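Peer 1: Sequence:
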Amino acid sequence: MDLVLLEKDLLSCDIKSPSSCYPKVYLLGSGCSYENTSLLTYLMNHGYTTLVKYLTDAKLSSLLTSTGPFTVFAPSDAAFAHLPTHTTNFLASHPQNLADVLKYHIVQEILIAPLISGVVNRTTLQGQSLEIAKLLVNGFAAVHDGDIVVANGVIQPIHDVLIPHFPATESIAQIIIKDDHRFRDLVVALILTDLLTPLGSGDFTLFAPVDSAFGQYRDNLLSTLNGEIPPIYKRIFKYHVVPGGRMTSQLQDGQSLFTLDGTVLHVTKDAIGQTWINNIKIIDADIEATNGVVHVINDLLIPSNIYGI
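Mapping to the UniProt record's numbering: the sequence shown position 148 is 148, numbers consecutive.
For the record, the hints were derived by calculation from the structure and aren't laboratory data.
Mixed in with the good hints there might be a few duds.
What the hints assert, rightly or not - Derived DSS-like pairs: lysine-lysine, alpha-carbon spacing no greater than 30 Å straight-line:
hint: 1; residue 1: 269; residue 2: 238
hint: 2; residue 1: 178; residue 2: 238
hint: 3; residue 1: 234; residue 2: 269
hint: 4; residue 1: 238; residue 2: 281
hint: 5; residue 1: 134; residue 2: 234
hint: 6; residue 1: 238; residue 2: 134
hint: 7; residue 1: 269; residue 2: 281
hint: 8; residue 1: 134; residue 2: 178
hint: 9; residue 1: 103; residue 2: 234
hint: 10; residue 1: 178; residue 2: 53
hint: 11; residue 1: 53; residue 2: 103
hint: 12; residue 1: 238; residue 2: 59
hint: 13; residue 1: 281; residue 2: 234
hint: 14; residue 1: 178; residue 2: 234
hint: 15; residue 1: 103; residue 2: 134
hint: 16; residue 1: 269; residue 2: 134
Owing to the predicted nature of the structure, the values given are computational and were not obtained by experimental measurement.
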């Protein structure tokens, strides 16, 4: 092992004479590495293209060339690519929130595995805290090949994007109206069934089918509004609404959810934690609203006692 010093510059110390070093000395154990460069330059040279772009867009790149020291939990490009659509859109349209997300990945101190015992909480530059264990952040983001020490801090690579809590500002109705490239047909359906206005208040979970989900039902539902179709129509879309807001973390495998239609939805959780409702996959989960939660699905939920749809 080597004793190294992280102050304005990273200086090699004589392990036989540690008293000759500055007071803040860190012991780098096996698995640690060192590059004599800045945090920003390391990210630029090692494939963190999306992170660097966002740091530049948010005018935070110069921070990672300053003295520090900082620990950066650095999401890979793949981590950003796998963000839910609603999160990507939210960050693209709210520059300050993008800056807050990036600051949520930065702690102003050195955090390497040899210095972490058990689970610790550290305040980020964004102001909220991270729960940090040796190889896990916030209980889900695993550190891969971490403890990369550079001249002004440490890089801890992760394959997830850490999102701080942002209070909801829009109702369920506002969310789906605004996202008209996905929910145009759903909004029409909810207007026709007098369900859109109630979703502007109250407390609900909406399982929201995207427009492509309506394809196989279009002739019977969206184009035909006579005979027995209107009451069936209303029943079907009440079947997509559950009283009370429920995040996926609150849904359990085998759970039954009573809908506004009075019938039941069945929850399934698979081995990798994905959530299914009546065997229909939630493709974009946990869109928080002021009056509940929206989960996006790729098919319509049809009550079992409705036939011929």
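Peer 1: Decide, hint by hint, whether the structure agrees.
Peer 2: Structure-based check of each hint:
For the suggested pair residue 269 and residue 238, the alpha carbons sit about 23 Å apart, so the restraint of at most 30 Å is met. At roughly 21 Å between alpha-carbon atoms, residue 178 and residue 238 fall within 30 Å of each other, so this suggested pair holds. Taking the CA atoms of residue 234 and residue 269, the gap is near 28 Å; set against the 30 Å cutoff, the hint holds. Among the hinted pairs, residue 238 with residue 281 is consistent with the structure: their alpha-carbon atoms are about 19 Å apart, no more than 30 Å.
In summary, the hint linking residue 134 to residue 234 is not supported, as the alpha carbons are separated by about 52 Å, beyond the 30 Å threshold. Distance hint between residue 238 and residue 134 is unfulfilled; the C-alpha atoms sit about 46 Å from each other, more than 30 Å. A distance of roughly 10 Å separates the Cα atoms of residue 269 and residue 281; the hinted pair therefore holds under the 30 Å criterion. Simply put, residue 134 and residue 178 have alpha-carbon atoms about 41 Å apart, too far for the 30 Å limit, and the pair is violated.
About 45 Å separates the Cα atoms of residue 103 and residue 234, which puts this hinted pair outside 30 Å; it is violated. Taking the CA atoms of residue 178 and residue 53, the gap is about 27 Å. The hint holds against a cut of 30 Å. Between residue 53 and residue 103 the alpha-carbon distance is near 14 Å, which keeps this suggested pair within the 30 Å criterion. Distance hint between residue 238 and residue 59 is unfulfilled; the C-alpha atoms sit about 46 Å from each other, more than 30 Å.
Distance check on the hinted pair: residue 281 and residue 234 sit about 22 Å apart at the alpha-carbon level, within 30 Å; holds. Restraint check for residue 178 and residue 234: the C-alpha separation of about 22 Å stays at or below 30 Å, so the hint holds. This hinted pair checks out: residue 103 and residue 134 have alpha carbons roughly 20 Å apart, not beyond 30 Å. The hinted pair formed by residue 269 and residue 134 meets the criterion: a straight-line CA distance of about 28 Å does not exceed 30 Å.
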